[in-house]
Amino acid sequence: MSRQIGRSVDPKKVSGELFTLTYGALVSQLIKDYENEDDVNKQLDKMGYNIGVRLIEDFLARSNVGRCHDFRETADVISKVGFKMFLGITPVVTNWSPAGDEFSLLLENNPLTDFVELPDGHSNLSYSNIMCGVLRGALEMVQLDVDVRFEQDQLKGDNITEIRLKFIKRLEDAVPVGED
Amino acid sequence: MTIFNLYIFDRNGTCLYYTEWNRRNQSGISKEEEFKLMYGMILSIKSFCSRLSPTDLKDGFLSYRTSKYKLHFYETASGLKFILNTDINAGNMRDNIQQIYSNIYVENVIKNPECKLGQQITSELFQTKLDDYIRSLPQFATKLS
Amino acid sequence: MPRMEVEKTFSYPLELTLKNYNDQIVVGFGQRDGIKVGHAVLGINGIAAQGRSLEDGRDVLEVIANEENYPLAIKFGRNKLSTNERLVLTGMFHSLFAIGSQLSPETRSSGIELIETDVFKLHCMQTLTGIKFIVVTDIRQVGVESLLKKLYEVYADYALKNPFYSIDMPIRCDLFDINLQSAIEQSERTGISNV
Numbered sequence: 001m002s003r004q005i006g007r008s009v010d011p012k013k014v015s016g017e018l019f020t021l022t023y024g025a026l027v028s029q030l031i032k033d034y035e036n037e038d039d040v041n042k043q044l045d046k047m048g049y050n051i052g053v054r055l056i057e058d059f060l061a062r063s064n065v066g067r068c069h070d071f072r073e074t075a076d077v078i079s080k081v082g083f084k085m086f087l088g089i090t091p092v093v094t095n096w097s098p099a100g101d102e103f104s105l106l107l108e109n110n111p112l113t114d115f116v117e118l119p120d121g122h123s124n125l126s127y128s129n130i131m132c133g134v135l136r137g138a139l140e141m142v143q144l145d146v147d148v149r150f151e152q153d154q155l156k157g158d159n160i161t162e163i164r165l166k167f168i169k170r171l172e173d174a175v176p177v178g179e180d
Numbered sequence: 001m002t003i004f005n006l007y008i009f010d011r012n013g014t015c016l017y018y019t020e021w022n023r024r025n026q027s028g029i030s031k032e033e034e035f036k037l038m039y040g041m042i043l044s045i046k047s048f049c050s051r052l053s054p055t056d057l058k059d060g061f062l063s064y065r066t067s068k069y070k071l072h073f074y075e076t077a078s079g080l081k082f083i084l085n086t087d088i089n090a091g092n093m094r095d096n097i098q099q100i101y102s103n104i105y106v107e108n109v110i111k112n113p114e115c116k117l118g119q120q121i122t123s124e125l126f127q128t129k130l131d132d133y134i135r136s137l138p139q140f141a142t143k144l145s
Numbered sequence: 001m002p003r004m005e006v007e008k009t010f011s012y013p014l015e016l017t018l019k020n021y022n023d024q025i026v027v028g029f030g031q032r033d034g035i036k037v038g039h040a041v042l043g044i045n046g047i048a049a050q051g052r053s054l055e056d057g058r059d060v061l062e063v064i065a066n067e068e069n070y071p072l073a074i075k076f077g078r079n080k081l082s083t084n085e086r087l088v089l090t091g092m093f094h095s096l097f098a099i100g101s102q103l104s105p106e107t108r109s110s111g112i113e114l115i116e117t118d119v120f121k122l123h124c125m126q127t128l129t130g131i132k133f134i135v136v137t138d139i140r141q142v143g144v145e146s147l148l149k150k151l152y153e154v155y156a157d158y159a160l161k162n163p164f165y166s167i168d169m170p171i172r173c174d175l176f177d178i179n180l181q182s183a184i185e186q187s188e189r190t191g192i193s194n195v
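Chains as they are written, first to last, in UniProt numbering: chain A, 1 to 180; chain B, 1 to 145; chain C, 1 to 195.
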């Protein structure tokens, strides 16, 4: 992912490294601006959310994926179509809860964290938290209320990066009074 | 053949965009009320179709036709609703509406940070692109009256 | 058309999200082995469900939520329309018909004559006297206009000309039913286009 030599010449595509560096600069600036790392996580989540509610339209327009009627289907589409389209990776979908309302995405290689070494004293920081926001925002736009958080992170010495998604409820369309 | 007008609603029922080309009859109520009526009708017709359907629906309601016009409906998974009115001889406009969504709406509204989501679209670029696209369609060919 | 019904034995917890819709417990999210979103709970462990409760009086959602009741054999399927719902839908169409005419971008438009979805078509013919004939067909059915005209004739012949039929009341005439049936059967034989 990080060491691509013969880059494609598509003028609309930017280098993955530039993207990673930009994100890194953003996070480190946020850390300077906010004293509390929980606030940084919150800001990243908020930014991600704002990206997600827009990105979903691009996703739907390009992928031709219809509405999901099952959370397993949702998980598959997120991993095989969504992550593939925007980050070029396909996380493994695993660790289903018995009720089928929770699963994990395992990322072997997180493109946001190339070149990143987390210094000591940042144990509360969820470096790639923007992803949670993106997922949350995008899913909310397709009527899925989902809780998203990092469970494990390679930056913190875990073996794998794990994002946990929990289905909360379906958001029914806003309908005028008298209809259901 | 001709195209009359286009409505775009977001999932909360806000009319994001309305424009007309060869419309010859006004509904006799204010635009705001007309938008509400149109959105309400679309919701009812969707619910009507899903309750009436003998088997499971996939896309659900697609279009209806009266003696004078045909209403084409397209809804994205994110709840964005496109309503295009044409004359009754226009065939299936689904692909065209999909084009408007993916090539004009997403490119010029979603990717334009100036355009706030859930509010009326004011982008001139969007309006021009949409107008050019509609006028280029074979279904548009204005009839002389 | 065959009515889709699926019975499956579930263990706790249920992998489907159910919701209350029009006094029916229906699947809101999640799909399994032919059970689809929108299907209603028709019965549990062989006991038929009526609306939100079972025939023995227990509440469907409470039975399903209680872990002690598992394993549960739950039957799902598309809900059949009751006479009451039919009347509600007819009323809905009546207003949609009128709004369709009001929102017309072209002058002097009729109301809705044809609704298309991905699985059925609805044809409506309104006579000059304001009676509506509505036929729901397969999307491949052709020649529905002539069927509608035929139905108008059947209505005129066997309902209106029957001195014991009172106008604007539900039609309960055997001859009408018989002729209606034969008109529909004839249309079915000739009307499905061979695609």
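FYI, nobody ran anything at the bench for these hints, they're computed from the structure. Heads up, a few of these hints could be off.
If you want a taste of the chain B side facing chain A, the calculated C-beta under 10 Å gives, among others [stated by the list, open to error]: (1) 78; (2) 80; (3) 105; (4) 107; (5) 109; (6) 110; (7) 111; (8) 135.
Each residue gets a CB set at the ideal place from its N, CA and C atoms; glycine is no exception.
Just pull the numbers of the violated hints for me, sorted ascending.
Those not satisfied come down to hint 8.
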